[in-house]
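Q: These are the residues of each chain, in order.
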Amino acid sequence: MILGRYRSLLTAVAVAMLWWIAASGVSTAGTPDATRITVKDFMFEPVSLTVKAGSTVTWANMDDEPHNVVSDTGLFRSGAMDTNESFSFKFDKPGTYHFTCSIHPRMVGTIVVQ
Amino acid sequence: MSDDRLLQSRRNALKCMAYGGAGTLFALAGGVFTPIELAVAAADKQSAARLGKPLFVQISDTHIGFNKDANPDVNGTLTQTIDLVNGMSEQPALIIHTGDITHLSKPAEFDVAQQMFSRLRTTELHTVPGEHDTTDATVTEYFNRFGKASDNKGYYSFDHAGVHFVALINVLQFKPGGLGTLGTDQLAWLAADLKGRSASTPVVVFAHMPLWTIYEPWGWGTGDSDQLMNQLRRFGSVTVLNGHIHQIVQKVEGNMTFHTARSTAYPQPTAGTGPGPGPLKVPAEQLPKMLGITSVSVVQHPRSLVLSDTTIT
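Sequence order for the protein chains is A and B. So the first sequence is residues 51 to 164, counted in our numbering. So the second sequence is residues 285 to 597, counted in our numbering.
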């Protein structure tokens, strides 16, 4: 039992370390909220985002103009997001996903799911 | 400033607002549309008469549902626009709306817009959708209300007073990174529609996004518009009317006149000014000068169309 408890503790430490590594990876990328894409000044920021499979990505519109996000393959499509509105989508499978604002098709971005 | 002058300037500002949100009046003259101030046309019956009978008024970019600083009262400016059109001494035969009826494609926005349009004395309304009207993937809300003329395709044609009108849709098949698109089906339909028509028939083509490239970095153009122009070139008088950019830009090329209309809701920056084509906030007293309609008249001798733009000031 003691060994069992010790094992759980080890597991907890390992999980914490993994979390710390992952978190520090995020912080070196310079974005504290790595699954969030800000839509501002007619641009997606970041324009390309890499996440792990199972992550939920949120797009948040900070412009006075509405924007939306439409997957090139039809996998996801938001409605028109007005100012301060957002849209989220969970990416289950690894792959590269391109998206566009159909209101302003010059606005394009990419999600890479690992 | 004295109190009197302040009062006077307030009065003037209110007077300006009284004409807020007006459209543009077009008269076709020698194939070239000439802008005419609607307010002038309304006030000066002689010059209005010289324009001939107004054929139609173009209203654009009403953006019902918009509520930001650039114009917190788009219903108010559309009401002023409708009052202005209803006040014209001779009523236009048709009203053409070149899209972005709503801001967010919401059912309630469409309902308000339709209610407001029902106040127009001229009851024949022809529309094309803008990209703001089609953000629901299926375009259900727009087509449920305005799809009948085109059998839910978005493009259709009709004739009035010897003028052939063509309504096109260029906001659906968008290409990532690109401009508006007409698409092969629509272009093939148009070829069949124009086939056999006399080159002397005046043609009016209208769509939401500009059918000529005004500013590519902001998507102000239509990628396959060259194929459209090839079909139109043989006609002696072609008028191409668009909205989308919330300001007047004009070009004459051979027998073709290109014209974009003002919005009735809010202005946008000129091409390339600032980060993108968003709502432009201007001082309240300036706003009515940047909103308007376009009106088109037919002059019979020689037979031609004349265009006129009217602001709300």
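Do not rely on the hints blindly, as some may be mistaken.
To be verified - Computed footprint of chain A on chain B; a stretch qualifies when at least three of its residues, placed anywhere within it, have a C-beta under 8 Å from a C-beta of chain A: (1) 377–391; (2) 460–471.
Stated by the list, open to error - Here's a subset of chain B near chain A, in silico, CB distances under 7 Å, partners left out: (3) K352; (4) T419; (5) A421; (6) D435; (7) P559; (8) G562; (9) P563.
Read the hints as simulated data drawn from the structure, not as lab findings. Just so it is clear, the structure is predicted and the values come from calculations on it, not from any experiment. Note that the Cβ used here is the ideal one computed from N, Cα and C, for glycine as well.
Q: Give a verdict on every hint.
A: Tested hints:
1. 377–391: It holds: at least three residues are needed, and the stretch 377–391 of chain B offers 3 whose Cβ sits within less than 8 Å of chain A.
2. 460–471: Holds, because 4 residues of the stretch 460–471 of chain B bring their Cβ atoms closer than 8 Å to Cβ atoms of chain A.
3. K352: holds (5 Å)
4. T419: holds (4 Å)
5. A421: It holds, given that the least Cβ distance between B:A421 and chain A is near 5 Å, below 7 Å.
6. D435: violated (23 Å)
7. P559: holds (4 Å)
8. G562: Nearest chain A Cβ about 4 Å off; hint holds.
9. P563: Since the shortest Cβ distance to chain A is 5 Å, the answer is holds.
Going down the numbered hints, you'll see the structure goes against just number 6.
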